[in-house]
Structure formats: structure tokens, C-alpha cells
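4 protein chains.
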Amino acid sequence: MDKFKVAILGCTGLVGQRFVQLLANHPFFEIEALVASEKSAGRKYYEVTKWVIESEIPENIRDMRVIALDPDKLPKVDLVFSALPADIAKIIEPEFARRGFIVISNASNERLEPDVPLIVPEINLDHLKLIEVQRKKRNWKGVLVKNPNCTTIILTLSLKPLLDEFGIEKVVVTTMQAISGAGIGSDAVLGMQIVDNIIPFIKGEEEKVENESLKILGQFTGSEIKWINFMITATTTRVPVLDGHLESVYVELGKEVEIDDVIKVFEKFSVEKSLKKFGLPTAPEKPIVLRNEIDRPQPRLDRMEGNGMSVVIGRIRKVKGVKNAIKYLVLGHNVIRGAAGNTVLIGEVLTKLMPELIT
Amino acid sequence: MDKFKVAILGCTGLVGQRFVQLLANHPFFEIEALVASEKSAGRKYYEVTKWVIESEIPENIRDMRVIALDPDKLPKVDLVFSALPADIAKIIEPEFARRGFIVISNASNERLEPDVPLIVPEINLDHLKLIEVQRKKRNWKGVLVKNPNCTTIILTLSLKPLLDEFGIEKVVVTTMQAISGAGIGSDAVLGMQIVDNIIPFIKGEEEKVENESLKILGQFTGSEIKWINFMITATTTRVPVLDGHLESVYVELGKEVEIDDVIKVFEKFSVEKSLKKFGLPTAPEKPIVLRNEIDRPQPRLDRMEGNGMSVVIGRIRKVKGVKNAIKYLVLGHNVIRGAAGNTVLIGEVLTKLMPELIT
Amino acid sequence: MDKFKVAILGCTGLVGQRFVQLLANHPFFEIEALVASEKSAGRKYYEVTKWVIESEIPENIRDMRVIALDPDKLPKVDLVFSALPADIAKIIEPEFARRGFIVISNASNERLEPDVPLIVPEINLDHLKLIEVQRKKRNWKGVLVKNPNCTTIILTLSLKPLLDEFGIEKVVVTTMQAISGAGIGSDAVLGMQIVDNIIPFIKGEEEKVENESLKILGQFTGSEIKWINFMITATTTRVPVLDGHLESVYVELGKEVEIDDVIKVFEKFSVEKSLKKFGLPTAPEKPIVLRNEIDRPQPRLDRMEGNGMSVVIGRIRKVKGVKNAIKYLVLGHNVIRGAAGNTVLIGEVLTKLMPELIT
Amino acid sequence: MDKFKVAILGCTGLVGQRFVQLLANHPFFEIEALVASEKSAGRKYYEVTKWVIESEIPENIRDMRVIALDPDKLPKVDLVFSALPADIAKIIEPEFARRGFIVISNASNERLEPDVPLIVPEINLDHLKLIEVQRKKRNWKGVLVKNPNCTTIILTLSLKPLLDEFGIEKVVVTTMQAISGAGIGSDAVLGMQIVDNIIPFIKGEEEKVENESLKILGQFTGSEIKWINFMITATTTRVPVLDGHLESVYVELGKEVEIDDVIKVFEKFSVEKSLKKFGLPTAPEKPIVLRNEIDRPQPRLDRMEGNGMSVVIGRIRKVKGVKNAIKYLVLGHNVIRGAAGNTVLIGEVLTKLMPELIT
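Those sequence lines, one after another, are chains P, W, S and B. Counting from 1, position 236 in the first sequence corresponds to residue 236 in the working numbering; the numbering is continuous, with no gaps. Counting from 1, position 30 in the second sequence corresponds to residue 1030 in the working numbering; the numbering is continuous, with no gaps. Counting from 1, position 205 in the third sequence corresponds to residue 2205 in the working numbering; the numbering is continuous, with no gaps. Counting from 1, position 95 in the fourth sequence corresponds to residue 3095 in the working numbering; the numbering is continuous, with no gaps.
Accuracy of the hints is not assured; some may be wrong.
[To be verified] Short derived list, chain W residues pointing at chain S, Cβ under 7 Å: (1) 1179; (2) 1188; (3) 1189; (4) 1192; (5) 1194; (6) 1242.
[As the list claims (entries may be wrong)] Not close to chain S: a few residues of chain B, all C-beta gaps over 10 Å, as computed: (7) 3085; (8) 3221; (9) 3268.
For the record, the hints were derived by calculation from the structure and aren't laboratory data. Beta carbons: idealized from backbone N, C-alpha and C, even for Gly.
Modelling step: build the complete structure from the supplied sequences, incorporating the hints.
Written out as C-alpha cells, the structure is:
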């Protein structure tokens, strides 16, 4: 089989590095273009990249020349994965889409636009049908699909089974987020800020969680996404952990439940919604992994579950004094499931399961 | 003035070290006895102590001989401060009290007993009147007063002003707790467990927060404490921070409020309830310090506020979708305000403001 | 092929966990017995193990019953890998060897005994011939072979090529050692000791480096090891790193050299001495990996090189003012190459390349 | 007494913050001007400063307006303390000196110029006489005095007593340096780079140590500094520690010595060379503090010794096999003794002890 050719926009940043790692030897995809800012253009990938993730730069990518970010000069590719900063993405991504490129983007711009699909494949694949709405409305040959905020992906993977089975009335979530979430650019968390410390604020994050969750869990009506309606409030913090966002979740459900029922619902979802059965290489066998130990999930021990694509749930408890409430912890790898991995999985879905949408 | 003589039980552990630091040059108190386990007895303090806090062992304490834990052999002292482990404290503290010692203890045993005062001085000084109930009931010459759980002290200092002014219906709290909270004994957090990691479980902690809060914020009826009645649920985690517990608090109040009102209530409490005006050396000028910066409180920068005795509150926000709810972060030094410092402050109150209770 | 049956003594500690990880699906070896202290005996492995390494307990080991440490009750196995503490090992390992077991041990006792082989397979395989000397002298049916100190293994792998080609006159080494090196037992490094800190002392470590290096690099004369003769001095420190010992090495060679020559010597050694060509599964393709980047090796990025069995050398420089001196940094995974991995590799050598020595 | 008016160039960076902290309530000095880049000019100090050190911005400085870096617009001040980046300092500092300002600078430019004093006050106060040489040579009304590299200051404070008493032939030093040394600007160490890691390279640092040490320890001949002549080689690394550089030092002395003699020499130096007796507020009582414990100095426990102005030496040992060699560890606070504190101390010396040099 011929591989689909892909480009990576913003290839030198932290999410860009994960894209490279996931795509360098991908069975469906082949990296055709590494795209970065003007100042990196023309140089070899290894020369312009401050590589900070655990494995080395893949051999076949190391010496590839980076090209400049310019929609008119991108070679023909089947998919464009974007890890651009939102302020640049906002301007340039539509230009790529207008010229016919299929852009699947991790940048935060336009995520809430009514005609932009915001996808967690195991949750809302059907939202991809917005693509037709978008193309018509914007008169684009290409399309712009969005990967949600990392924290939100992890959270909604845990909420979706509860919502479907029990209904949700209220969610109160506090997150402990890894420093990789801030990247290695101008917003990077400095060592001086985070050693022996917590920073209880992440710009724009709480709003993203509160808004994007409702859209992701919403319904596609045929012409738009009708946001789900429940109360959700988030407090997001930065902790001295390299990778893996841990979230403490309190949920008031639509009815009183027993913990065993909750466990069953998570397990059932994990089996039924797994995309592994369709042969998608980045899909984890189990999108949700449950742990029984009293002190899990832990970021260092659990973040690579399912090659970083599973979320791990533990400590599911009832809440004394509120019959319909439960609480639990959920962990996910913020750069894999929360960013590059989920984006690649969207690409796999589009090329293998819904090719008609992008032709 | 002659100083009150004090003993420190469990002087070599982490809380014991803070007791030593706070009491070595205290204007009211003089360390008469350093008490530890049999195996340390007879040796010099510096020889048996794995000192891990930032200043050195005070010069005048360094060479003091440690004595064994035995109620029959303790020299006459005016106050006994206890930092014993709960399992030992449970057995031995009543023996000290029976023999006439005034024991103010940080150990978790008996905190919920109906005749045991559980004190945060700025909140519930009047609960100290339980002392008379206790002595009568137990027929003790001495008394046993308890310092609450560290996380609970910090939380309740933030809840009390809200409770008094607005009422409280529901509290959902997630904590990020420093490793010093686990001490340096057999429950200590290992480096291997916590570097690049979070442990989302602390044994018994959530129950302590949920129960002790309701007692501390309760009413003394003349013969007992009537617990306050609101719903409270906690998730407690351990993070790679040396000192300072950070708590993310969601509160549904008794009525809808504006943020400015909340700020005023905190500020008013901080002025009115400060015990500094009574000349208590360990009392902070402001028991509550508010910070306006968007990214505070932070453990490393704020934990020593008020010499570690203030709690620092920041990021007070309204909650979209729940009229009567607010959320905020509160930070306190877990070993000072949360343990040794609060306990010493109780001692200052008893000797200076309520001497009649202990004679 | 039938697999060799092996036992792991001290299976619950940190090195024991790595043994389990390396041996659970080993092509030559099969775990027949998991041995730990009396209090763990009879229970399932997962119940008695505080697992702290990144992957999970292997499925096929999780529910195995641990047996008590007793030479008379160990089932028949072909090899015994020991990760016992030195004080226990000192007493019990000889008992196993006396009863005929082939014991390959990571414990520090007896390493310097004249009839005990102290092996880094790529350096001194011929020292295994001491086995015959030992059996004769001690009249044992079994044998005791030792794995060297972790820091020393990493250091000597870098020194051996230099020694052979240029001679060595003087070595001054300062190490920055990971906290996993202290294990998770009573000597474990506490979080309170190591967050935002360095401990510039590791008990017994400097002596181990200074002595064991000279034995490992020594010559087998037919009846004993003649230690190599050069000056070596070490300063060993503990840093807040999970895995991977980094060593800053200053060497005065036997003659003046150019950096290019040094590089060639390392590369040649790495090719010629690799045991991969003999099909040993734990042997790395390259025992020495060189890195050109100005800021490598780094523990987090380089410790898993060669599945944790390669040492990584970087920043090779000449020393201004001393013609025959060079300096460089070398890094190795202290628990894999420095402990369990090197020990397993010795086992692979004994069973595959030198079976006559253990029959 | 009227205070001397001072300006701080580069007031918002990490060293600048320490200058502010040390000078805000200084008995001799009064901050007259806070100087930073154009983009901060006109705004309040707290608005333009990402404050990362443990205390708060001093009350009296918080609202001061920052002024732009322009030699022609600086108000008249008695001293200018510079914490500028070297590339800017190189251009602008001479302009200030030319216009008559007394500039004491922490920037690395010109440190090795023959007519520039490079001062550690307890070591080489007499080098300040270079000021006359410089003014004559450069025809400046003002002057430029340099603070040495942080690592070098700490090292040379430990070497000077040894040099004077025993002579020095060879020094091999490996450093473990705090992340604050890289500041919070564009060279800052990112959290992603340093959590669970060491970076074994600091740009330009090894050369600074090797060169500046020889100048600092050199002799003023009346017209120039004659560098001392011994071999010195350094390996410098970055570790996950907030403040405090730890250095592992191997020294071959001019003769064989006993450890007791070394201790005496350090103690004698510490008493005799202390500048505290001249009433200099920033001078520590003891420039060198010795610790007997087997595991000290440790950055977190010892860096604030002497308010961050003492260096702490421990683990002094003889070296087996080299009669005249010793080894030890020395620690100092890199931003206080290594930068702002040492610079302020030079200012105190110039204004109080050698006022004739700057008039």
C-alpha cells in the first residue's frame, strides 16, 4: 500500500517532536514535509530542534530539511498535522485549508466555531460530518479539523461513559498538569518556577475545559453541534511532573449509582468504543484503563499506558452526603493522547474509516 | 518573667524538629525536656536527629540529652507538646494527662472524641472550654488538647469567614500536599516515589478533612461541640513540593455573593480574629493573606507568609452556572500552621489568655 | 530449547524488580523461584512488592508466590541471581554456593576476595576462570560470582579502552548518582532529603569505586587477579535524578593523545568487545555509545541507550596544561547496566559461552 | 549619615532581583534608580518583574518607576551596580564609566582585561588599586570594577587559604550548579530540561573558572595583575537545585599536609580575612564555614549560611596514592555570594574602606 503523505506544521516544538516520533515509522503515513518558522527553513531537522523527549530523533528524519511555513510552497500532501502556536495558526491554517489541504490541528483557535469538528475519536466520530457543513459554508476545497485541549480530551474520555449511562448534572474538576503542556517555547515553564513549587494558574485553560467539554460531548444535529448542557467548573494547576495530566473529578450524576455500576460502564465503553478493531495503529486497545490499587493512577507509572493513548482511572468513590455524586482520578499523557497522538488518530480515522469526507 | 517549662514528645521527627525550631528561643516557653524513643534516650539531640529543615539545630538545643518516653519520669513541666505517631500517642498521651500534664498534641488519635478540644485558635478558641468537661468526665488532673490535621487547619481558616457571613452548603476540595506532611519516619515519601510524579492518595487524610472540619467549625453548647452541618468531600494528593499544602476549593454558599464581598469578609476576619494584638508571639498579624496576582498562592513563594502561620488565598472566582458557588485556592505551611506552629499557638493561648483552664 | 531455571533472591527491592523485568520473558531463562524475606513468603509477588519502575509487573509473574530465603528449601535451579542486602548476603550466599547453586550476586560482600570473580563481561570475561580456583579452595559444588558496584561498572567500561591503548596513570572522578541507587529499603533516599538538593556522600561508595576498579581492570594470572596499578580517587554524590549515574572523569594517560585517537579507541572497543555477536540477549550492540552534542550525555535522555546496557560518553576534551590528560563525562543506567542487567549478562555468558565452568 | 545613592542596571532579572532585595533596606545605600530595557521603562517595578525569589518585592521598591538604560539620562548616583547581560554590558558599561559613574558589574565582559579589577573582597582587595591604572589608561572619570563568575568566587574562596599556606600545583574541579545561575531570561533552564535530569554543559563556564581563578589569585605588581601559575581544569554541570553551587575539588598542594592543618588554615583565613570587623553589612562573620558532618555541605541546608555570603566546606580528605593531594566539597550561594552579594560587598569596600579610589 502506498502511504499517505503528511506534513507537520510547527515540527520543532514539543508537540511537533511527538508528531515526528509517532509518524516517523507510521504504517499509513509518511512524513513528506517538516515545516517550521522562517529562521529554521533550509536547515536539517536535528540542527533546529531542541529535542527533549526520551527517545532520539528518528534516523530517517534527523537530516531532513525543514521548510518554511508558506501555504503556497507546501508540496502536495494528503494530510497536514499542525502543532502551530494559536496566534500563528489562526492566520495560516485557513490559508492551507482554502488551498485544499486537509488540516488536522492541535492549535486552540477556532475550536469553538460551529462548523469546526472538535474530535476525540472514541467519543464523537460522528462530529466529523461537520466537514461537509464547513466546506460548503467556507467554500473550501480543504478542511480544518481540530484536536481539543489536552486536559479536556482526558476529562471527556472519562465523562462520556457516565453521561451516556447515567446523565451528568455537575462536574467540579481540579487538574495537576505536567510542564510539557506549556511546551518549550516562550510560554515554557522555567525550572526556577516549578522546582519545589506549584503554579495554580494556566492561561486560558479553565475556559477551554469548561467550553470544549460541552461541545465534544454534544450532539451533531445534521447541521451543527448542539452542546451538551450540564454545569462544569475547572481549576487548573501546573506541577513538577514532566508528562501526564492528573485530574481530580467530582461528578453529580443524573441518578444514584453504585461503584460497581460505574466500573462496568467504564469497562464496557473501553471495549465497545476501542478503534483498535478497525486496525488503526495509534488507537489503544483500551481507551480507558481502570486500576484497583489505592494509590493510582500516578503520572510516572501510568502515563504510557496504551502507548500514551489510554486514560487511566482510579479511586472511584461515592460521595458521602450527595447520593448521586461520585469522585475519581483520571490521568492521561498530555502530549500523546492530549495532543499529537489524538491528532494522528483523527488522521487515521479520516483516511481509513471516512475517506469520503476528505476527497 | 519566668518562662513556662515545656517538654517535646517525639522531638526527632519532622514536626518535632519544627517544635524545637519554634521553641528554642521562645519568649514564653523554655524547653525543659526533649523526649523520644528508648533507642535515642541518653544521647545528645544532634546525634539522634536527622535534621532536614533549612536552619541549623539551635545552639542551645544541640547538645541537650534526649530522655525516654515515660510519663513517670518526665520532669515537672508546664506544658507538653506532642509530635508522637498516633499509634503510640493513643496509648501514652492519656497517661501523661492522667498524671497532671497539660498535653497539646499534634497526633491524630482522639481528635473526634466529644470531650477533646480540636483547636484552630483564630476559629474556635471557645472550644477550649471543653477542657472542663474533659477533666470532669475523665477525672484527670491534666488535660489533652488536640491540634487538627494540617490540611484541615488550612482549609477551615478559609471556610470560617464564609460560614459566618454567608453560610456554607457544599464544599468540594482537592489538595496538593507537600512531602513533609508524611514526615521522615516509616511513612516518609521516598524520592523514587515522588520525583516526576504525584501520588493521588494519602492514608486516612480525606476522612480527617471531612470529619475534623465539621467539628472545628461547630458550636460549643456548654457541654459538647455540635458539629456544623454541611456537605464536604475531599480528594488528597501528594506532590513534589517540600513544604506547603495547596488546596483547590469549590464552595456552594448559603446565598449568592459578589467576589468583592468575599474579599471583604476574608479581610475583616483577618483583622478581627488576629491574636497578635494579645501579644502571642506565634500568632501572625494576618491569619489570612489575600493575593491579587493571577498565579498565586504558590507553595515556594508563599508558604512562609506570616512566618508560616498565615494562610494565603488567591484566585477567588465565581462559578459559571451555580449562582451561590465560588472557587479559590488556599495555601498554608503544613508543618508550621498545620502542625507545630498551630500547636504552639494553642499553648500560648492557654498560658496567656486562658490560664484558668489549665490550673 | 529448554530454558535454564533461575531464582531471584531479594525479588521485591529495586534491583529485584529490575531482575523480574529483565527475566520475565527472557529467551534463555525462566523464573522458577522468587525469594524474599520471611514476612513476604507465601504471598503473591504483587502483594508484597512496592513496584516503582515504569512498566507494570509482568503478567506471568504478578501472581507467583514468593518463597522464603532458605538454601535448604530452594527448588533446583540452574542459576541464582541475588539482589540481597550485603549484610544478609554475606551470611546466606555462601550457603547457597556450598549446596551447589551457581550464585551471581549484586551484593557488595566478598567482591574484593581474591578468589571471587568480579565481572563486567565486555572487560574481563577471563576473570571467570577464577571459578575453578574458588571451587577448589572453598570446596564448593556451586560458585559465587559478583557483579561490581554500579558506579564502578560504568566507569571501568570507559577506562578499559584507554588503559589498553594508552595506559593510565591517574583518575579523578566525581559522580552524580541517581536516587534509585539507594533502593527503596531502609537506606532509601527520602523526598525530603533530595528535592532541591544534593547529598555529597554515599556510604562506602568511594572506596568501592577506588578498589573495585583496580580489580576489574586487573590481570588473571592463572591463579589470581593481579590488580592494575594506577592512582584513582572518587567523590560520589546523590542528585535528584531517578535513574542514571553521571560521572565526570579526569584521566592522566600513559602518553599524550589527540581527541580523535580517543574517539577511535572507544569506537573500536565498542565494536570488538560487543557480546551481541554471540547472541546474548542482554548484551548491547554497542557497550559504549559516543555522543557529539555539546550537552550530552544527560541522564533522562541517554540512560536507556542500548536498553540501559550501553554507557554513553560525551564531551571528551583535552586538558590545558597537562599534556597527557583528558576529561569526559560518562553515563550509565545504574540499575540495568550497573546492577540487574550486568548480572543477567554474566548469567548469559556463563550458560552460553562458558558452560564448562558451571558444570 | 546620608546614604550613597545607587542605581541597578538590569533590575528585573534574577541577579537584579537579588540586588533589589539586598539594597532595599541597606544601611549605606539607597536605591535611586532602577534601570531596565526600553520596554519596561516608565512602568512600576512590580509590573515588569517576574519575581521568583522567596521573599516578596520590598514595599518601598514595589511601585518605583523603572527607567530606560541610557547613560545620558541616569540621575546622579554614587554607585552603579550592573546585572546586565554581557552582550549589552559590553557596549554600555564603558559609556557609564566614561561619563564618570562608578560601575561595579556582574557581567562577564572585560573580566580578563589587564586594567580591570576582578574582586572577591576577602581575597584580593588590593587589586582594587588597578582602578588608578584603568582611569589613567582609559582616561575615564568613572571606573569599571568586575564581579567574577559565581562558580569561580566560591572556588577561589576555598583555594586562597591553601595557596597562601601550602602552594597549589593542580586543581581538578567538577561543579553541580543551580538553575538560578542561568537566570530567567532567554538562557533560562526550562523545567522540561532539568526535572529528573542533569545537563553536563554550561556555555563558557569552564573557561571562566579556569581563567578568572588565576587572575583573582594573582598578584598586583603596582601596574598590573600577574596571574598565578598552577594547572586548573573544570567540568561544569547543571543540576535540579534552585540555588547553591556545589563543587567537588581535587587539589595537589605544594607539599604534603595533614587534614588538621588544612582545617586550621581554613579557620584562620575565615577569622583574619572577615570584613565584618570593618562594619561592612554584607560581609559574613565567617567567609568560610567548615562542617564536620559526613554528608555536608548540602545546597538546600547550607546555601543561606552567613546570609548567603559564606562558603561552606566539608568532607576534607587526603587522597590515597598522591601524598600532596586533598579533596573536599565547597558550596556557595551562587546568586548572593556568587553575584549580587559579592558585588554589593565590593561597593561597601569602595565607599567605606577605599573612598579615595572613587573620588
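Closest C-beta approach of residue 1179/W to chain S relative to 7 Å, hint status: holds, 4 Å
Report holds or violated for the interface hint on residue 1189/W, using the least CB-CB distance to chain S and a cut-off of 7 Å. Constraint on residue 1189/W satisfied, holds at 4 Å.
Confirm or reject the statement that residue 3085/B sits farther than 10 Å, beta carbon to beta carbon, from all of chain S. holds, 20 Å
Would the stated hint for residue 1242/W survive a check requiring a Cβ distance to chain S of less than 7 Å? Result: holds, 5 Å to nearest chain S Cβ.
Does residue 1188/W meet its interface restraint, that is, does its C-beta lie within less than 7 Å of any C-beta in chain S? holds, 5 Å
If we take the beta carbon of residue 3268/B, is the closest beta carbon in chain S still more than 10 Å away? holds, 24 Å
So residue 3221/B supposedly isn't at the interface. Is its beta-carbon more than 10 Å from every beta-carbon in chain S? holds, 23 Å
Taking the least C-beta to C-beta distance, is residue 1194/W closer than 7 Å to chain S? Since the shortest Cβ distance to chain S is 5 Å, the answer is holds.
Please verify that hint: residue 1192/W, Cβ, nearest Cβ of chain S, below 7 Å or not. holds, 5 Å
Hint violations for this structure: none, all hints satisfied.
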